[in-house]
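Undergrad: Top line first, the protein sequences correspond to chains Y and V. Going by my numbering, 229 is the number at position 229 of the first sequence; the sequence numbering is gapless. Going by my numbering, 33 is the number at position 33 of the second sequence; the sequence numbering is gapless.
These are calculated hints, taken from the structure and not from any lab test. Heads up, a few of these hints could be off.
[Said to hold, decoys possible] What follows is a set of in silico ranges between Cβ atoms, one per label pair, in the way DEER data are often shown: (1) V:V264 / Y:A283: 53 to 61 Å; (2) Y:Q410 / V:P133: 32 to 40 Å; (3) Y:N189 / V:G79: 31 to 39 Å; (4) V:G260 / Y:T110: 50 to 58 Å; (5) V:P183 / Y:D103: 43 to 51 Å; (6) Y:A328 / V:P133: 49 to 57 Å; (7) V:T56 / Y:Q115: 34 to 42 Å; (8) V:P133 / Y:N287: 40 to 48 Å; (9) V:P133 / Y:S156: 44 to 52 Å; (10) Y:Q410 / V:L149: 37 to 45 Å; (11) Y:T110 / V:T112: 21 to 29 Å; (12) V:G59 / Y:A409: 39 to 47 Å; (13) Y:V41 / V:D123: 30 to 38 Å.
[Stated by the list, open to error] Far from chain Y, by Cβ distances over 10 Å, these chain V residues were calculated: (14) G72; (15) R87; (16) A102; (17) A110; (18) F155; (19) F210; (20) V264; (21) F270; (22) V271; (23) P278.
Model, not experiment: these values are computed from the prediction. All residues carry an ideal CB built from backbone N, CA and C; glycine is no exception.
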Amino acid sequence: MFCTPVIRKNCLFLLVICWVCLITAGCTQKVEQSKTGGQPVERTVIIGFTASQTGKFNVESTRQINGLNLWIEQVNSSGGIRLGDGTKIKFAARFYDDESNKDRVQELYTKLISQDKAEFLISPYSSGLADASAMIAEQYSKLIITAGAASDSTHSKGYNLVYQVYTPASRYLTGAFNMLSKLDEKAHNAVLIYEKDKFSTEVCAAANKYGAEKGFKISLFEGYDSGATDFAPFINKIPKGTDAVMGGGHFADGTTFAKQLFEKGVKAKFISLLVAPPEPKFAELGNAAVGIIGPSQWEPLAKYSSELSHLAGQGAEWFGPNISEFVAAYKNKYQEEPSYHGAGGYAAALILQKAIIAAGSLDTQKVKAELDKLNLMIFFGRIQFDTTPQMHGLQKGHEMVYIQWQKDAQGKLVKQVVWPEEAKSANALYPAH
Amino acid sequence: MVVQLTASLLDGLLLGAIYGMAAMGLNLIWGVMSVINLSHGAMMTLGMFGAYALFTYAGINPYLALPLIAIGGCLFGFGMYWIAVHRVINAPHLASLLSTFAVNMVIIGAGTTLFTASPRNIDYSIGSLHIGPIILQGTRLVAAGIAVLMAAALFVFLNRTFLGKKIRAVANNRAAAELMGIPSTKVLAISFGIGTMLASVAGFLISTIFPFTIYSGGSYEPKSFVICVLGGLGNPMGALIGGLILGALEGAIPAFLPVGWVPVLEFALFVAILVVRPTGLFGSK
């Protein structure tokens with residue numbers, strides 16, 4: 001009834017006009033581009049992430065964001081990255097406070113993707129929060145690089161676009177047992193007291209298994225609730241004559257645990273705690289920090305990360321600043337020595353940069369393909385990702401180093417790398433007390 | 001095992017004294033005016049942050065700041081009574097519950113905005129006491145000592161001073177007390193202030209031992225309820241003993257079971273007391 005010949009003719013006419021307009025616009029764009037003399041297009045790429053500006057991860061997250069922001073500043077001031085089609089890209093950060101809360105992470109990453117149009121994502125600090133962000137990233141097919149996240153289990157969920165910078169939890173404390181065995185052949189019993197969160201539970205479950213395989217008797221294996229502040233019930237259960245106390249969780253509870261171990265006069269010969277000891281702020285504990293060992297993803301003193309010792313025989317390509325350049329830039333900007341959290345934030349972005357350059361494109365699948373092929377050596381250490389379907393994106397190239405707080409000749413607390421032996425800057429203080 | 005159990009019990013008892021003092025505040029308010037103060041945890045948090053602010057920004061020794069915390073807590077409670085409690089005191093219990101809960105939310109909300117949810121710590125150490133193989137933290141010992149002194153002072157106040165007698169009279173029978181010329185409204189306000197003072201001092205003492213956040217008071221509030229029921233609602237001295245019992249349990253249970261069982265058994269005890277002896281171990285008013 002409505003499709004009379006006149007109406008059909010008018011519709012056809014309108015369609016032809018639209019087609020002509022589209023063709024003309026395309027030609028005009030090409031003409032404009034050529035009129036500008038082939039000047040490359042510049043654009044800004046949004047990197048989205050959440051930061052724990054409040055809540056229990058505040059200390060570690062602030063350092064991680066510092067590293068990331070340093071990278072953005074350096075890349076932009078050096079002119080950005082040029083893609084295969086000549087486009088010059090610079091980066092801008094878009095972030096929100098996740099309050100160290102998993103529910104907030106999910107809301108905010110959805111916002112970063114759908115409203116802020118972030119093209120690439122960096123995870124928040126901590127395995128639990130990173131796991132929440134990874135789920136959202138995968139749902140929206142956005143590539144995410146996890147910094148500050150060591151959980152193995154995130155990568156067993158079939159994700160394809162989630163890439164881990166840190167050495168996984170399953171390898172966090174294994175070196176501590178190796179070191180203890182080397183320092184004292186007679187050491188044979190240990191306790192594992194850990195925070196009942198995703199990361200610490202995975203680390204200590206793996207450590208428990210590894211310790212038993214190495215012949216250690218784990219006489220206490222117990223978790224405490226996140227947010228616990230009274231460690232006396234656990235400390236009182238440590239059997240007399242225990243050689244090693246290991247565990248902890250994150251900075252806040254790790255520091256409190258270390259302080260209460262000292263106040264309760266625990267005479268363990270070897271104390272290794274997660275996350276807290278490598279932070280420069282740990283030194284504020286004073287004498288309670290002396291002798292405490294912590295696994296670290298990276299240290300400025302670690303010869304282990306030297307490009308010379310690692311390039312040989314591993315086929316890794318060197319990329320980015322060296323250790324002293326990174327440390328100098330970080331100290332210049334933030335007036336403090338970088339911890340591995342800061343280095344991890346920078347490393348995550350550096351890896352993304354390398355993948356974009358190699359891909360010559362911002363296309364997610366092309367960048368992903370480059371990340372899958374990566375065999376890189378950066379100031380942070382070796383980077384290579386597991387590409388099996390079972391554990392895609394798990395970090396398999398990077399190794400932990402172990403630090404210990406010791407007093408120097410002037411009685412000042414300093415952090416030394418004590419393990420592995422080829423990376424150490426000082427001998428381990430053993431026994432710790 | 002004996003050494004471990006003894007150390008755990010002592011640690012638990014020391015902490016229990018602080019719990020008991022906090023619960024005394026809640027118990028006093030309930031006993032005098034039949035109001036369950038749901039801002040009790042928030043008052044403890046105010047005590048923690050008050051101590052932190054005085055130590056960090058004014059450089060005042062935390063133990064020397066105690067009188068300031070106590071006075072501040074009392075004045076805050078006095079003001080809170082007039083604003084949030086006085087008008088609903090004769091209304092059904094739900095009204096006063098909601099009113100004090102609202103104050104709790106205001107304090108937590110304002111505190112989160114001003115201080116964020118980041119952990120804070122009063123980094124002040126006074127060493128440890130060695131008793132053979134048992135080592136007790138100095139801060140825990142001092143905190144327990146102060147808690148016991150405060151409890152003793154409250155006992156003397158309630159039983160040996162004129163104002164204390166007025167408070168007991170109003171708690172016993174408000175109408176009769178009015179007939180005797182006791183200004184019951186003022187007495188209620190003062191009682192509320194004393195209750196919040198005890199809560200804020202308890203918070204201050206806890207802050208000298210453990211780190212805390214703006215939400216920390218909330219984790220101690222349920223313990224105060226358990227202690228009040230254990231000791232007997234309306235019996236402030238019973239609350240102190242209830243606190244010691246709870247502290248002893250918190251110390252003893254981990255010696256035999258994983259620490260995670262402590263709240264399970266605490267609240268199982270709470271239910272058992274409510275069922276078997278609802279007036280508490282030491283009776284109510």
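Undergrad: Each hint: holds or not?
TA: Going through the hints against the structure:
1. V:V264 / Y:A283: 53 to 61 Å: The hint (53 to 61 Å, Cβ to Cβ) is violated, given that V264 (chain V) and A283 (chain Y) are roughly 38 Å apart.
2. Y:Q410 / V:P133: 32 to 40 Å: 35 Å, holds
3. Y:N189 / V:G79: 31 to 39 Å: Because 57 Å falls outside the window, the suggested range is violated.
4. V:G260 / Y:T110: 50 to 58 Å: 34 Å, violated
5. V:P183 / Y:D103: 43 to 51 Å: 50 Å, holds
6. Y:A328 / V:P133: 49 to 57 Å: Taking Cβ atoms as reference, A328 (chain Y) and P133 (chain V) lie about 50 Å apart, which means the hint holds.
7. V:T56 / Y:Q115: 34 to 42 Å: At roughly 38 Å between Cβ atoms, Q115 (chain Y) and T56 (chain V) fall inside 34 to 42 Å, so the hint holds.
8. V:P133 / Y:N287: 40 to 48 Å: 21 Å, violated
9. V:P133 / Y:S156: 44 to 52 Å: 45 Å, holds
10. Y:Q410 / V:L149: 37 to 45 Å: Given about 43 Å between the Cβ atoms, the range holds.
11. Y:T110 / V:T112: 21 to 29 Å: 23 Å, holds
12. V:G59 / Y:A409: 39 to 47 Å: At 32 Å between Cβs, range violated.
13. Y:V41 / V:D123: 30 to 38 Å: Once the Cβ atoms are compared, 54 Å apart, the range 30 to 38 Å for D123 (chain V) and V41 (chain Y) is violated.
14. G72: 23 Å, holds
15. R87: Fine: 35 Å to the nearest Cβ keeps R87 (chain V) off the interface.
16. A102: Since the minimum Cβ distance to chain Y is about 23 Å, A102 (chain V) lies beyond 10 Å and the statement holds.
17. A110: 15 Å, holds
18. F155: For F155 (chain V), whose nearest Cβ neighbour in chain Y is about 28 Å away, the distance exceeds 10 Å, so it holds.
19. F210: 4 Å, violated
20. V264: Nearest chain Y Cβ is 12 Å from V264 (chain V), so the label holds.
21. F270: Nearest chain Y Cβ is 19 Å from F270 (chain V), so the label holds.
22. V271: V271 (chain V) clear of chain Y: closest Cβ-Cβ about 21 Å, beyond 10 Å.
23. P278: With a cut-off of 10 Å, P278 (chain V) remains clear of chain Y, as the shortest Cβ separation is near 30 Å.
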